[in-house]
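Order-wise, the sequence lines are chains G and L.
Start counting the first sequence at 1; every next residue gets the next number (this note's numbering).
Start counting the second sequence at 1; every next residue gets the next number (this note's numbering).
None of these hints come from the bench; they were simulated from the model.
These numbers were taken from a predicted model, which means no experiment stands behind them.
Each residue gets a CB set at the ideal place from its N, CA and C atoms; glycine is no exception.
Honestly, I wouldn't trust all of these hints.
Unchecked claim - Listed next, the stretches of chain G that the computed footprint assigns to chain L, with coverage defined by at least 3 CB atoms under 8 Å from CB atoms of chain L:
no. : segment
1   : 229 to 240
2   : 344 to 350
3   : 446 to 460
Claimed, not checked - Restraint-style ranges between C-beta atoms, simulated for each label pair:
no. : chain 1 : residue 1 : chain 2 : residue 2 : range
4   : L       : L434      : G       : G53       : 22 to 30 Å
5   : G       : D413      : L       : R117      : 27 to 35 Å
6   : L       : S33       : G       : R304      : 58 to 66 Å
7   : G       : H446      : L       : S33       : 39 to 47 Å
8   : G       : V217      : L       : A360      : 44 to 52 Å
9   : L       : M314      : G       : A265      : 52 to 60 Å
10  : G       : N175      : L       : R6        : 44 to 52 Å
11  : L       : R26       : G       : E295      : 54 to 62 Å
12  : G       : G10       : L       : E406      : 42 to 50 Å
13  : L       : R93       : G       : G416      : 13 to 21 Å
14  : G       : E120      : L       : E80       : 58 to 66 Å
15  : G       : R93       : L       : L434      : 28 to 36 Å
Residue-level listing of the chains:
2 protein chains.
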Amino acid sequence: MINRLRELLGEQGLLTAPEQMARYSRDWSGDLSGRPLAVARPGSVGHLARLVGLCAEAGIPMVPQGGHTGLVGGAVPSPEGRELVISLERLDRIRSVDPLNFSMVAEAGCVLETLHRAAEEHDLHFPLSLGAQGSCQIGGNVATNAGGVNVLRYGMARDLVLGLEVVLPDGRIWNGLRSLRKNNTGYDLKQLFIGSEGTLGIVTAAALKLFPRPGQVQTAMLGLASVSDAMRLYAAARRELSDLLSAFELLPRRCIEITLEAHPALREPLEAPAPVYVLMEASASGLVDLAALMEQFLGGCLERGAILDGAVAMSRAQAAGFWRLREDLVEAQHRRGRHLRTDVSIPISCLPDFMREADAAMAAHLPEALPVAYGHVGDGNVHYNVLPPPGLDDDAQDALLHRAEELVFALVDRFGGSISAEHGIGRVKREPFLRRLGAVDRDLLHGIKSALDPRGCMSPGRLLAGDGS
Amino acid sequence: MINRLRELLGEQGLLTAPEQMARYSRDWSGDLSGRPLAVARPGSVGHLARLVGLCAEAGIPMVPQGGHTGLVGGAVPSPEGRELVISLERLDRIRSVDPLNFSMVAEAGCVLETLHRAAEEHDLHFPLSLGAQGSCQIGGNVATNAGGVNVLRYGMARDLVLGLEVVLPDGRIWNGLRSLRKNNTGYDLKQLFIGSEGTLGIVTAAALKLFPRPGQVQTAMLGLASVSDAMRLYAAARRELSDLLSAFELLPRRCIEITLEAHPALREPLEAPAPVYVLMEASASGLVDLAALMEQFLGGCLERGAILDGAVAMSRAQAAGFWRLREDLVEAQHRRGRHLRTDVSIPISCLPDFMREADAAMAAHLPEALPVAYGHVGDGNVHYNVLPPPGLDDDAQDALLHRAEELVFALVDRFGGSISAEHGIGRVKREPFLRRLGAVDRDLLHGIKSALDPRGCMSPGRLLAGDGS
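Isolated chain G (complex conformation) (with noise of 0.2 Å):
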């Protein structure tokens, strides 16, 4: 079989030994690593669609991989040698750019920035923005539906997303690669592919949307006192800006200690503590005067006492000085050693009844632990975090960080939320999405899988058990 696959794809097309196949057997963090039965890296999608063909027949798992950068071990082989990593890698030519029609045609294969600067000698715009945007491929983002810090304005990669070309588990390309902003014929089966973290196909190319390039962004530092608060100054901003926000990020005050205390080079952001914190950023392009606009809302704001302080970036070094006591809030996390990460949403008006339970819970079950709470507040995504004290051995940080995601998780489902805001499932999350799964929605997941990839060779083990179960 390898041999008739290196026929196929060529020498630079598959890679069998340990050293070349190294970087494909792990994740970017380098905490979860597989072995591969080989890596394929088709040069074009005809070959791709051939080699799956081919696989599907012989009845070899595949695995699907793009820049490595996924959180949840999706495109990680498994220890056991026995999946095929088709790499799509070489996949990554952008084939058009439309202007008038706003939108651009790229391969699974293109990297994130690339596609934001082919965009930009449009002066467009391509939306999806995330932390590995230097590395991760647009094949994965729609994939895995990625989010970013852009979801408020313009939505998560399934709302960037035209049309598709997608390699499926029989090997056949089906092209819906149409750049239709309306199409209403038939189910769309591009929104089966998106989010499928591989299981039901291979993505190979994207139609996507572009956008006016904002020209104009105006970032504010906010203190407030209180959630609540938080959550209301959230809806004033989006009717005063008429939806121009693109983000607005809650930061309660412990997180901005917890920033400063691990470097010190940083600055208070405001004269006076604040007991919570909102980073708000809006943009616009052309006539719309957004620094004006910026400056009446939170002087209206400060005048009704909606905030208690802030300041408003006048340069894109302040706000860059904005956005690093956000960012640098989760290496000093990662500072403090191994601890709970979680990803959940719930509905944006639950979110002060939520921290306060939540916070509770620990300290009722777990006051010896640090929990650390903020997000993504415009899109009810919170990363409520958990640190255990210092001192604790191995088994015991285990138990304790197990213990703080059921309560965590438990809250999430009392308020209708998701244990899974943008991360996806793939094999680490598996397990509590499984448990949560009802018998309905588990028939409805595996009619798919089974419609679409009736012999479980893509990607299995990923997002349902790899039995089928």
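Take the given structure of chain G and dock chain L to it, following the hints.
Relative to chain G, chain L alone:
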């Protein structure tokens, strides 16, 4: 069986007398009609679920029905009297409105206009808006992925749905009614039901996105030199108005002439006739000074010759007058008798070529016919209609209209467009839809249909052929 259903649903819940069933037997236009086995009007989701379970066991075909305003016959029973019509009209409760989460949960039978009012009571906006909004129901809007006049800004019904509750073809209830902005756990099942035209299950309730109410609206009627100029103006307007554009309708001069001729009370919109008109609307909430923005934008356009002339509505009445020129065009065409109405979409950048080539094809093959083309150009959605010459007999008319559709659809295919941008397939467009369906698409559609509705009892013969072929 009828007795069992009557026992379950009560006298009010099951209609069998012909005079009672009459209004459930035809669509709004009266053009399409059939004969129901009976009409079920369940008063609760539980009753509906049991009803569907009973019918599924007995193999009785079911056709869910909303406000009878569909344009492709999807909800009209077949003439054979074998299909049970299931009206959702008694499931008409707004279950909740959550202003801070910008969402509401409404049952399928809620009339669209009542949802508009419910949102307005909270100074919010539910943007799905169409001619039939006084009678169409949200369940039908979701099941057919309705479009309408605000698609440019807010998307189709699909883009406005956060979650769904669905009775599946076997009578079980799928509860996917979460009001979350982000939820990346497993296949996005709600996408399957949106736009499935009743063939995969019955939508009983939807969690919907709300938006700040746009208190400011600016409407302008512009005269341009060509369709190409209109496309460039569209791109400039998106950029300069920071995507606050909410409508962008193209009306070639011929459309204005037809409307003015039919409605002498209407006035020429601009001083001198222009080859092409654009009816443009922008909307905003809060602090944005939309009037100043619009004035500045249009002033610049005039100065650089991007538009020949233009008028901005100074009052709601004047704006309504501009819109009448667009809306009365539909009636003006009706007055001329039977004609071809299409609802196609193509990439926006291809519109000038499409319209030129379609006109050329008509001139070459049907020189006696009058093409009338206009549309929601911001969505790439064109109504390329064809009016036959007066005095043809029925057969000659049929032949001409059929030929005209073939010519238009062939061009749509060539430009990678869609033969149904927003009306769907139903029964009326099934033939041209199935004729265009490749083997891969057909297998995917049938695979999904079989997975969800293996008995084929849900809306048979809509979208797909009734016998599953």
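(message) To test your reading of the hints: which numbers does this structure violate?
(response) none
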